[in-house]
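Chemist: The chain contents come next:
2 protein chains.
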Amino acid sequence: MVKALILIADGTEEMEFTIAYDTLIRAGIECTSAFIPRGLSPYGSSDTSPPLAVCSRQVKILPDITLDPLSAGPEKYDALIIPGGMGGAVTMAESTEVQNLVRSYYNHPEKRTIGMICAGSKVAITAKLPGQPITSHPSVQSEFPEHFEYKEQNVVVSAVPGKATLVTSRGPGTAFPFVFTLIELLCGKDKRDEVVGPMIFPSGTTGYPF
Amino acid sequence: MVKALILIADGTEEMEFTIAYDTLIRAGIECTSAFIPRGLSPYGSSDTSPPLAVCSRQVKILPDITLDPLSAGPEKYDALIIPGGMGGAVTMAESTEVQNLVRSYYNHPEKRTIGMICAGSKVAITAKLPGQPITSHPSVQSEFPEHFEYKEQNVVVSAVPGKATLVTSRGPGTAFPFVFTLIELLCGKDKRDEVVGPMIFPSGTTGYPF
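Going down the list, the sequences are from chains A and B.
Everything in the first sequence is counted per the working numbering, starting at 1 for the first residue and increasing by one.
Everything in the second sequence is counted per the working numbering, starting at 1 for the first residue and increasing by one.
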């Protein structure tokens, strides 16, 4: 079974989080949401029961776990997903544990998949991923160093040989094409089509082509 | 300030709930989510602190309140929103309190707005709303009595003179056009355009025209 780890923090964009989690579940992917605390790290504590995440527009979501970096790596999950929402994205981008986690997925010999959407793409900068095609919410575009090849596309798929496939996207409005691209990469085009059908998209809006 | 009451229950479609709540907040609408318990009614109990709602794909959301029918009426809120997800929609459709609530919004002399999406449209049947144009998830289409004028459209706006405006829609894939239609009705087209912009929709997918 394909497994995905989806990060969440206070200030996470609740639509981007929920669209990713729910739609991946519809594709038969086992999803685990992991809370990223702000500031001082609680790691080393034995208490990993997560608090409620208060999202960007005050929807309160109970994550499945609090992130334990020792058991959240690319040996356990096929994909790592980082949603936007400025508050949550800043917490994730500044977290040493998240930076290390992203690098471990990026460099894992069994090619993993990393998804970042909206301000979540900031983590590609702080994790010091090498330059490659990328996109993000326009409000953080100016933060990307020049070695990234910034694109104003709904979804950007970057496949550096021997590294994780990096899928980036722009905002809540591109969250469906983002997650369908992840499903196609992880489970194939037939599964993508199977999931799209019962969700009843207006014609022309299912993310083909991204 | 425009105020909306959004229902939630175990089995509610978490994308439809979250897209509605979050996007209405972006429009400056004050949102309150109200939990609908399944089966035996707790009303009369003084404990209105809500439990976690376990949604259709296992996202766990803490509602703002448990529904108190005495303070949830059209005197307090401008709009009543009913998301889909079969489990949650059945709970709502079978709830006498929800049926009464929908009728009170429908008949209130200061024209209110009622939104139902996906299987949430089932409540229009059990609340015995009069026949009018309507849509829903295709999986429940056959349940609508013939006096409803069923339409296979992304969003259906029904404005019976002197009654609430009833806005219905089809599924997660039409949730954005659904909520933007509600925003346009409640706050005007300029506000809709203002909210759409920073959400970065692919061109042609913002719900114009529905």
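Derived by calculation from the structure, the hints in this document are not laboratory data.
Check each hint, because a few of them may be wrong.
No copy is singled out in the list; a pair is fine if it fits within one copy or between any two copies.
[What the hints assert, rightly or not] Only pairs whose alpha carbons sit at most 25 angstroms apart, straight line, appear in this in silico DSS-like list of lysine-lysine:
#: 1; residue 1: 3; residue 2: 151
#: 2; residue 1: 128; residue 2: 191
#: 3; residue 1: 151; residue 2: 128
#: 4; residue 1: 60; residue 2: 76
#: 5; residue 1: 151; residue 2: 76
#: 6; residue 1: 111; residue 2: 128
#: 7; residue 1: 128; residue 2: 189
#: 8; residue 1: 151; residue 2: 191
#: 9; residue 1: 60; residue 2: 3
#: 10; residue 1: 60; residue 2: 128
#: 11; residue 1: 60; residue 2: 111
#: 12; residue 1: 151; residue 2: 60
Chemist: All the hints need checking, so say for each whether the structure fits it.
Modeler: Hints and how they fare:
In the homo-oligomer, the alpha carbons of residue 3 and residue 151 never lie at most 25 angstroms apart, since the shortest distance is 28 angstroms inside one protomer and 39 angstroms across protomers. With identical chains, the CA atoms of residue 128 and residue 191 are never at most 25 angstroms apart, being 33 angstroms at best within one copy and 39 angstroms at best between copies. Only within a single protomer do residue 151 and residue 128 lie at most 25 angstroms apart by alpha-carbon distance; the minimum there is 18 angstroms, versus 51 angstroms between protomers. Taking identical chains as interchangeable, the C-alpha atoms of residue 60 and residue 76 lie at most 25 angstroms apart only when they sit on different chains, with a minimum of 23 angstroms there against 27 angstroms within one chain.
Within a single copy, residue 151 and residue 76 get their C-alpha atoms no closer than 31 angstroms, and across copies no closer than 46 angstroms, so neither meets the 25 angstroms cut-off. With identical chains, the CA atoms of residue 111 and residue 128 are at most 25 angstroms apart within one copy only, with a shortest distance of 18 angstroms there and 55 angstroms across copies. Taking the closest pair of Cα atoms, residue 128 and residue 189 never come within 25 angstroms of each other, the shortest separation being 31 angstroms inside a single copy and 42 angstroms across copies. With identical chains, the CA atoms of residue 151 and residue 191 are never at most 25 angstroms apart, being 27 angstroms at best within one copy and 28 angstroms at best between copies.
In this homomeric assembly, residue 60 and residue 3 come within 25 angstroms of each other (Cα to Cα) both inside a single copy, at 24 angstroms, and across copies, at 19 angstroms. When the C-alpha separation of residue 60 and residue 128 is checked against a cutoff of 25 angstroms, the pair qualifies neither within a copy, at 31 angstroms, nor between copies, at 33 angstroms. Within a single copy, residue 60 and residue 111 get their C-alpha atoms no closer than 34 angstroms, and across copies no closer than 31 angstroms, so neither meets the 25 angstroms cut-off. Proximity of residue 151 to residue 60 under the C-alpha cut-off of 25 angstroms is found in neither arrangement, the shortest distances being 33 angstroms within a copy and 35 angstroms between copies.
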